[in-house]
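Position chain W against the provided structure of chain U, taking the given hints into account.
Residue numbers (the working numbering), protein chains in the order written: chain U, 1 to 453; chain W, 454 to 906.
Everything labelled a hint here was simulated from the structure, so no lab data went into it. Be careful, since some hints might not be right.
Claimed, not checked - The list that follows gives simulated cross-link-like pairs (lysine-lysine, DSS-like), each with its CA atoms no further than 25 Å apart:
#: 1; chain 1: U; residue 1: 210; chain 2: W; residue 2: 481
#: 2; chain 1: U; residue 1: 5; chain 2: W; residue 2: 663
#: 3; chain 1: U; residue 1: 200; chain 2: U; residue 2: 255
#: 4; chain 1: U; residue 1: 255; chain 2: W; residue 2: 484
#: 5; chain 1: U; residue 1: 210; chain 2: W; residue 2: 458
#: 6; chain 1: U; residue 1: 31; chain 2: W; residue 2: 663
#: 7; chain 1: W; residue 1: 497; chain 2: W; residue 2: 481
Unchecked claim - Computed Cβ-Cβ distance ranges for the label pairs, DEER-style:
#: 8; chain 1: U; residue 1: 234; chain 2: W; residue 2: 617; range: 50 to 58 Å
#: 9; chain 1: W; residue 1: 499; chain 2: U; residue 2: 127; range: 46 to 54 Å
#: 10; chain 1: W; residue 1: 617; chain 2: U; residue 2: 115; range: 42 to 50 Å
Positions of the beta carbon are idealized from the N, C-alpha and C atoms, including for glycine.
Listed below are the residues making up each chain.
2 protein chains.
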Amino acid sequence: MEDVKRPWEKLISLMKGNQAEQLNEYLKSMKTEDIVLSISRLDKEKQLQLLTLLSPEDAAELLEDIPEYHAADIMEDMEADKAAAIFNELDSDNQADLLTEMEEEEAEAILSQMEPEEAESARRLIKYDPDTAGGMMITEFLSFDEHHTVGHVVRELRENAHEYEGYNLQYIYVTRQGRLEGVLQMRDLLLSTTETHLDKIVHPDVISVKDTATLRELINFVNDYDFYGAPVTNDEGVLVGVVLRRDILDAKSEKANIELLETQGIVGGEELRTMPVLLRSRRRLSWLSVNILLNILAASVIAFHQDVLSSVIALAVFLPIISDMSGCSGNQAVAVSLRELSLGVIRPFEVVRVWLQEFSVGILNGLVLGVLIGLVAFLWKGSLVLSFIVGGALMLNTIVAVSIGGTIPLILRRFGTDPALASGPILTTITDMFGFFLTLTFASLALSQFGGI
Amino acid sequence: MEDVKRPWEKLISLMKGNQAEQLNEYLKSMKTEDIVLSISRLDKEKQLQLLTLLSPEDAAELLEDIPEYHAADIMEDMEADKAAAIFNELDSDNQADLLTEMEEEEAEAILSQMEPEEAESARRLIKYDPDTAGGMMITEFLSFDEHHTVGHVVRELRENAHEYEGYNLQYIYVTRQGRLEGVLQMRDLLLSTTETHLDKIVHPDVISVKDTATLRELINFVNDYDFYGAPVTNDEGVLVGVVLRRDILDAKSEKANIELLETQGIVGGEELRTMPVLLRSRRRLSWLSVNILLNILAASVIAFHQDVLSSVIALAVFLPIISDMSGCSGNQAVAVSLRELSLGVIRPFEVVRVWLQEFSVGILNGLVLGVLIGLVAFLWKGSLVLSFIVGGALMLNTIVAVSIGGTIPLILRRFGTDPALASGPILTTITDMFGFFLTLTFASLALSQFGGI
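One chain only, chain U, in its complex shape (with noise of 0.2 Å):
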């Protein structure tokens, strides 16, 4: 395949001659990769012109390969019944996903011209959490009752070929009135006689899920055992679903990004550059206009003292070096916190063990970085005592930011609050404050006890 700079060039090429096979060809030799890039790239016409050229099967592969967000948009403005048509062929997560990022109204336009089938399962689905095993499983698996013969099973199978293509057939679901009841693999239906009933041959072992299960929960199931996925239930222990070892590795990496995201101060989980201008600036302000009060708040400490800082005017240029390293200082710590907290190597109420192991490296880099701004200081203005009130001051804060930095994401947790997005602004309004009492009050006690610095 040609390697491209501009694929979605080529795209609206094809498109233009209505070459609807030829485009259909090119797709399937993209690499995921390039069709992310390039769908990004076509505006709302071309992208429904697109995906209205391509069979719904394909759509829908084409659909499967581009970030949520971007799927959802596209398909809130194309035609309901077209877009149903597509939503038909997506898979039963997929389907429940993009309809949960869209506008209501339009959501139930595409469930009303849906297959009877397919809506109602998308209903059942979107009903539940995105982060928990109801909103992340598939309703494409095989169960039967046990009353059933392996003979019905195989019939089955053998007639719906067609219609299970897309699933795993890996393990088949043993039921009893709805709730499950074991598992069977492929080879105990070859290895039993056509007349056994499953309830013979059934291993009723099987490890399930709740559906109300959280991506934490998951995590931690995927880490103990080795299934390509689990079987879902609800409370009444009726099979619901399967949810999938990949699509819980996919979560979990998902929540990393989102993570990264949150600590500097993106809120609403996820933002693209294709999103619209005002939506992208109000969410980012939201986080912004809590933040510039919570600086002012923190500043609000030096306008008291201006006095001092009038008499010592040189204090101005360390101010912003004390707040802004404090903050750097408490943010590693919040880091390690953060991935410590998703390792399992901490839990939330550890705040004790945690402050302590930060506590030995806050004094030692306090040290370090107090006694190199305390150097400069001094080479500076040959004054002994800045020196000493700077040096000073950085020190104790850098020991004070990371304490809170350590602790705080523990603090936060324990009250059910997302520590990634809140841990930074706490920080540094406390150290920022602190840091600005600790250098103007050492100030204050130098100039009336030594009389000028």
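This is chain W only, laid out in the frame that chain U set:
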């Protein structure tokens, strides 16, 4: 299973009684998460005692559950012959990962005591970069030369069933003088007569990856294809291993976690609080000390304008706010660019495109934040001039910050530098300098033009 808050205490009590069997049973009943936590809570001596009490097989299984750094750290302190017995039982990719984490001397001591075959394969694997197909592949796979018959293969599988226990038998690779020729599925064997030569039934259209393929290429591979794994070949086309989808997905989520640590200034990829304090302190300082120098550089802009500052001391209150808020706005843009780079919706060469998109967000958010801070300045001091100085400076600097924040990850990536680690410090240094410069220059202009604020 009882849900204990401190499962490591139960481990210690079982170890005290030398109850190897109960110990093993208890470990098997534990969730991976609790194992990870418990091992990190034991001191070195207890960790060694635990692993020695278990059989090498069980010890190997335990090691595969805990973070690499922990596992390598424990094995370094074990007698080489005991460690080698456990290493013999590890999967080949885990052998290589742990040996790479160890001091060379200790790794060599263990290698020299391992079974020759295992040691040879481990020596081959540790030569690869851990983030390539070679570094992630396993060498436990089935391959046969094409001149063999189906009967030979089936006999071989039956006779060595024990050896192949942990293997994934879904695919059998067919080679000619070591070079990968194609693939067979188990059912191909069942449907052929025992005299058939493999070259008659092999599927030659096998998709393989090079041993030098990067993680990024491997992620694209699993996006493009639906296989459970891919055969890995070297420069000569010789089949050297198999890289599994699950290992690629694990590495992907690991990479997102590492990126989170790096954006917050944790150098070296990983930090756990069980690492020695001095090591943790040193690694954090290596980033902090660069940062403090950049901070001093930025603050020197203030030093050059001390005269302005001493005439309008209120500015000292706003300088840290402008510095901090610009950093926040810029880091939001950094996070979105890192995310879009990893999703593949932007490419490193699209600097201008990204800049234009950030620019419009920058204008909107700059306006809002500028007006906000201007309002605060006016309410506090009643001076419209002060209000315009700080509001204007923050507005312009927000635009600069998002422009740099959005584009710097792309530029760094183009120069082959890690954008997660370096984007933040470069961004804040430039925006600090520019923010201080704007504020103080505006103020000095106002001073000279209007004769005081």
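The hints, checked one at a time:
1. U:210 - W:481: Holds - the C-alpha atoms of residue 481 (chain W) and residue 210 (chain U) are around 22 Å apart, at most 25 Å.
2. U:5 - W:663: holds, 23 Å
3. U:200 - U:255: It is violated: about 42 Å lies between the C-alpha atoms, which goes past 25 Å.
4. U:255 - W:484: Roughly 21 Å between the alpha carbons, so the hint for residue 255 (chain U) and residue 484 (chain W) holds.
5. U:210 - W:458: holds, 23 Å
6. U:31 - W:663: The given pair, whose Cα atoms are some 17 Å apart, holds under the 25 Å limit.
7. W:497 - W:481: Between residue 497 (chain W) and residue 481 (chain W) the Cα gap is close to 21 Å, so the pair holds against 25 Å.
8. U:234 - W:617: 50 to 58 Å: Taking Cβ atoms as reference, residue 234 (chain U) and residue 617 (chain W) lie about 39 Å apart, which means the hint is violated.
9. W:499 - U:127: 46 to 54 Å: At 48 Å between Cβs, range holds.
10. W:617 - U:115: 42 to 50 Å: Given a distance of about 45 Å, which is inside 42 to 50 Å, the answer is holds.
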